[in-house]
Amino acid sequence: MNAKTTILNLPEEEFVHPGSRACSGCGLSIAYRIGLKAFGKKTLLVVPPSCLTVLQGLYPVAATKLSCINVTFASAGAAATGVLGALRAQKRDDITVAAWAGDGGTGDIGIQALSGAAERGENFVYVCYDNEGYMNTGVQRSGTTPFGAITTNTPIKGKQQEKKDVPAIMAAHGIGYVTTCSASYPLDLFDKIKKAKEISGTKYIHIHIPCPPGWGFDTKDTVKMGRLAVETGLFDLYEIIDGKFSLTGPSLKISEGKKQKLRPVKEYYNAQTRFSILDDSRIDYVQEQINRKWKEYFKK
Amino acid sequence: MGTRECGRFTSHSESGPGDGGRTGSWRVVRPVINLDLCIPAKKKTKACFVCWLYCPDGVITREIPPAIDYEYCKGCGICAEECPAGAIKMVDETSDIKEGGK
Amino acid sequence: MHIIETGNVAAALGVQLAKAQVVAAYPITPQTPLTEKLSELIELGEMDAEYIPVESEHSALSVCIAASTTGARAFTATSANGLLYMHEQIHWAAGARLPIVMCVANRGVGAPWTIWNDHQDSISQRDTGWLQIYASDHQQIIDSVIKAFYLAEKINIPVMVCYDGYLLSHTYMPFEVPEQKKVDSFIPPLKSYYALNPDEPANLNTVTLPDVRPDIHGKTAHGYMELRYLLHEGMIHAIDELGKVEERFKEIFGRGDNPYIECYRCEDASFIAVSMGSLSYQLRDVVDQLREEGIKVGSAGMRLYRPFPDKAVVEALANVKGVIVFEKAISYGFCGPLYSDIKSAIYDNKNRPFVHNYILGLGGREIKTGDLSGALKNSCTENMSRTQEPGWIGLKI
Amino acid sequence: MEIIEIRWHGRGGQGAITAAKIVASAAFESGYPGVVMAPTFGTERRGAPIFTSLKLSKEKIRDLSPIVTPDMVVVLDQMLLAEADVTNGLKSGGLFVLNTTDSPDAYKNIDARVATADITSIAVEAGLPKGVINSGIIGAFVKASGLVDIDLVAEFIKKEFAGKKPENNVKAAMLAYDRTLIGG
Chain B
1 MNAKTTILNL PEEEFVHPGS RACSGCGLSI AYRIGLKAFG KKTLLVVPPS CLTVLQGLYP
61 VAATKLSCIN VTFASAGAAA TGVLGALRAQ KRDDITVAAW AGDGGTGDIG IQALSGAAER
121 GENFVYVCYD NEGYMNTGVQ RSGTTPFGAI TTNTPIKGKQ QEKKDVPAIM AAHGIGYVTT
181 CSASYPLDLF DKIKKAKEIS GTKYIHIHIP CPPGWGFDTK DTVKMGRLAV ETGLFDLYEI
241 IDGKFSLTGP SLKISEGKKQ KLRPVKEYYN AQTRFSILDD SRIDYVQEQI NRKWKEYFKK
Chain V
1 MGTRECGRFT SHSESGPGDG GRTGSWRVVR PVINLDLCIP AKKKTKACFV CWLYCPDGVI
61 TREIPPAIDY EYCKGCGICA EECPAGAIKM VDETSDIKEG GK
Chain S
1 MHIIETGNVA AALGVQLAKA QVVAAYPITP QTPLTEKLSE LIELGEMDAE YIPVESEHSA
61 LSVCIAASTT GARAFTATSA NGLLYMHEQI HWAAGARLPI VMCVANRGVG APWTIWNDHQ
121 DSISQRDTGW LQIYASDHQQ IIDSVIKAFY LAEKINIPVM VCYDGYLLSH TYMPFEVPEQ
181 KKVDSFIPPL KSYYALNPDE PANLNTVTLP DVRPDIHGKT AHGYMELRYL LHEGMIHAID
241 ELGKVEERFK EIFGRGDNPY IECYRCEDAS FIAVSMGSLS YQLRDVVDQL REEGIKVGSA
301 GMRLYRPFPD KAVVEALANV KGVIVFEKAI SYGFCGPLYS DIKSAIYDNK NRPFVHNYIL
361 GLGGREIKTG DLSGALKNSC TENMSRTQEP GWIGLKI
Chain E
1 MEIIEIRWHG RGGQGAITAA KIVASAAFES GYPGVVMAPT FGTERRGAPI FTSLKLSKEK
61 IRDLSPIVTP DMVVVLDQML LAEADVTNGL KSGGLFVLNT TDSPDAYKNI DARVATADIT
121 SIAVEAGLPK GVINSGIIGA FVKASGLVDI DLVAEFIKKE FAGKKPENNV KAAMLAYDRT
181 LIGG
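Protein chains in written order, with my numbering: chain B, 1 to 300; chain V, 1 to 102; chain S, 1 to 397; chain E, 1 to 184.
Hint data in this document are derived by calculation from the structure and do not stem from the laboratory. Check each hint, because a few of them may be wrong.
Straight-line distance between alpha carbons at most 25 Å, and here's what the computed DSS-like set of lysine-lysine pairs gives [said to hold, decoys possible]:
#1 LYS181(S) / LYS91(B)
#2 LYS42(V) / LYS89(V)
#3 LYS159(E) / LYS130(E)
#4 LYS266(B) / LYS163(B)
#5 LYS311(S) / LYS250(S)
#6 LYS396(S) / LYS91(B)
#7 LYS219(S) / LYS65(B)
#8 LYS164(E) / LYS143(E)
#9 LYS266(B) / LYS244(B)
#10 LYS91(B) / LYS191(S)
#11 LYS60(E) / LYS250(S)
#12 LYS4(B) / LYS46(V)
#13 LYS159(E) / LYS181(S)
#14 LYS191(S) / LYS42(B)
#15 LYS4(B) / LYS266(B)
#16 LYS368(S) / LYS91(E)
#17 LYS343(S) / LYS41(B)
#18 LYS91(E) / LYS130(E)
#19 LYS4(B) / LYS43(V)
#20 LYS91(E) / LYS108(E)
#21 LYS368(S) / LYS58(E)
#22 LYS91(B) / LYS41(B)
#23 LYS89(V) / LYS224(B)
#24 LYS253(B) / LYS266(B)
#25 LYS261(B) / LYS295(B)
#26 LYS295(B) / LYS258(B)
#27 LYS58(E) / LYS108(E)
#28 LYS296(S) / LYS60(E)
#29 LYS299(B) / LYS261(B)
#30 LYS368(S) / LYS296(S)
#31 LYS343(S) / LYS311(S)
#32 LYS321(S) / LYS377(S)
#33 LYS60(E) / LYS368(S)
#34 LYS396(S) / LYS377(S)
#35 LYS154(S) / LYS250(S)
#36 LYS182(S) / LYS154(S)
#37 LYS65(B) / LYS195(B)
#38 LYS19(S) / LYS154(S)
#39 LYS46(V) / LYS194(B)
#40 LYS396(S) / LYS368(S)
What you are looking at is a predicted structure, and each value in this text was computed from that prediction instead of being measured.
All chains, please: the whole structure from these sequences, using the hints.
Below, the structure written as structure tokens:
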């Protein structure tokens, strides 16, 4: 693997203009800003509706410096396929194609087109930024909203179903590269996108994105919240390369005992108002699940 | 002058800053860097720049010392929260007004 | 060279000759043999294109939209529910002003399932901002596909070439396959208005506001409504453009007809039967028969349905006593869509003819020539009372 | 407008459509600009009875509706007689072509000229896999109908069966042409 990127050698060039319409403290803005540095200039983006649509600017001003087509909600995977097809037809192979979609546009309405593209092995990087809900339309539940979260359409009881494991679904397609990242670890994200660009076929990158208004925490705590998700063992950072699973970055360090021990999930739940109705028994249950999962990790 | 003069017939956006306007006006608190504590400023060498890395809006420079573009800084406070030296303080915007600041 | 092949093959050969670069499709009867043929031509190396076997029609058009945006000549084809599954993308392709060509092998729409022909599928896409051309035989299919690519790229509006499922798609008929050299001189290589590329960055089709807004050069850019107006204006303009395309085609290939409304024995007609697709040719047999009985009737086939060629329609129907519209589609609770369009087009005529409407052939219900002549004869009888309600031919209820 | 209407009966997968298409191509080439050939509209299932309509005329044909009163009926598989009403609408004095080991005399009940040939055996003799009968039946049809020239038909067989034993298929058609028995 390449030497890890540091803050000091991360490319200086910015591909996102300041003054976007993203919320103050937006986790997506961090991931997108650093992510585009990894993709670089010679990239064509495909974006279905999401907070990113707004972040990227309203006609006729683009907040991004990369070329992008906005496409319908269900079609990111297929649209990326079309861009690739046109590039092949024009014998151009020096351009990276990337789709950047939200969790709804990926795991819910977009999963058919994404699955089709992955099955065909289309040569592109698919980035799912998972802020765990339909934030752009005002915080409704999505397939990746965690159990118990209050959203505007689970307003009283919270979501009654578990979070959909989209990276596992993508891994089941047998694609060459599946990885999880977090907005709170932008250098790790940068390196993984760089790596994905070098692998042929479909690559899937799933980024955990804290959302201050959607999750209910202060804007200053965005990075802290994403870090807490990793440090409690709730959201693990890993890579699946050619079917082989391995923890990466801070998750790997925790499993190796090099860093601090797992923090209690209670810290994460208590820090967000969306979990305000969760009772202790549920939190204990989740803690048990995490302990069991991590027992396996520690063995390896 | 009608919009036909713009010469386009599709929704074709070109890159430019400030799509959301001067988002500096969104701030209720502003980050202020204490150069006595700021690592690169203190060491006069390229170091740290955690604030630059995490700034969602890219309004902090990776310079010695780091500079904040208040025209667009939304005042989220992530830089202050993440600064390992505790060099950035979030200051009430209104106090600035009271002091007749810029 | 003449060959005997199906309408689907005629369409496929047109796409091959027009040198489409990206083909994406999903199987649906009765369109499937068209895209099977294209995949065969591409795998054999007889066509230099990317064939993308997508997982849905929605994705098929999505691929075409993105490919067209990125500067490739794109083609797809579908029928019935496949077309309806594309609906969102159909609007999108037109709104993005992409010169995509799509063939529709017309089929009835479920529920309940039917695989047989009527026009409900494409007619229901009438207001999407696509041109809709209807073919009556195989020669028109292959020629229309070739013209469609040229026209679409000239006006930056997508074109749908519609032909009857089974009746044309699966029926073998002789037709002339144009020479590649001539097609090449007819259709220049695609030159996109803007092809997505990293060197001239653009963010396309993002949220566009209700009101106008300055662009980065200080010019006033459109609002959403201006872009809609431009599409409408482009569609209106497309009517004249199609006329020019027809002339150009005639010059190069030596054949052509009225591209708007194809008239048969209408010059001295007192009554004209109007329809779309292969039905208009079947009605020619009926016209011949009624003419022998002394009824002065003609048959007119709509070749262009959107944009609606109202001037050509008014002209074709200027001096008649009656217009009888036969349709394989209905706007439930009102009447046939073509019927209301024709009535609207001739509303300002000084001597308005009566207009009758017949619904027939839904879901492949056999259209018997005898039934057609009976209905037409009835309508041509002068004392026939005007009715608002459409008549139904072949209904056994 | 005079239209010759020919209905072809076979089973899904037997190649009745290909046979009719070859005859259609040869007819077009020999002065029938009006050619319309319509298979059964709908889902064709292997083994199930199907039919194909072929209309020929000296003028362009505009009526695509199915054949109701055929001038000629061709049956690729004798077993179909028990399954489908193959002679339905056949014009009195029309032509009935059948793949069978029987002689035409065995079908005196049919009000038409009957022509028979043992296409199944002929095909095997011509070196085709058992059950490939669509090229052979063309030979029998051409002999009995006299509509088109057998050598022209042979050319179209070669074209249509390119890469699929074209010579053997031509041989089957030729043998069938020679051995077709035509009743009174």
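- Message: I'd like to know which numbered hints this structure contradicts. Please list them from smallest to largest.
- Response: Going through the list in order, the structure violates hints 6, 9, 15, 17, 18 and 27 and respects the others.
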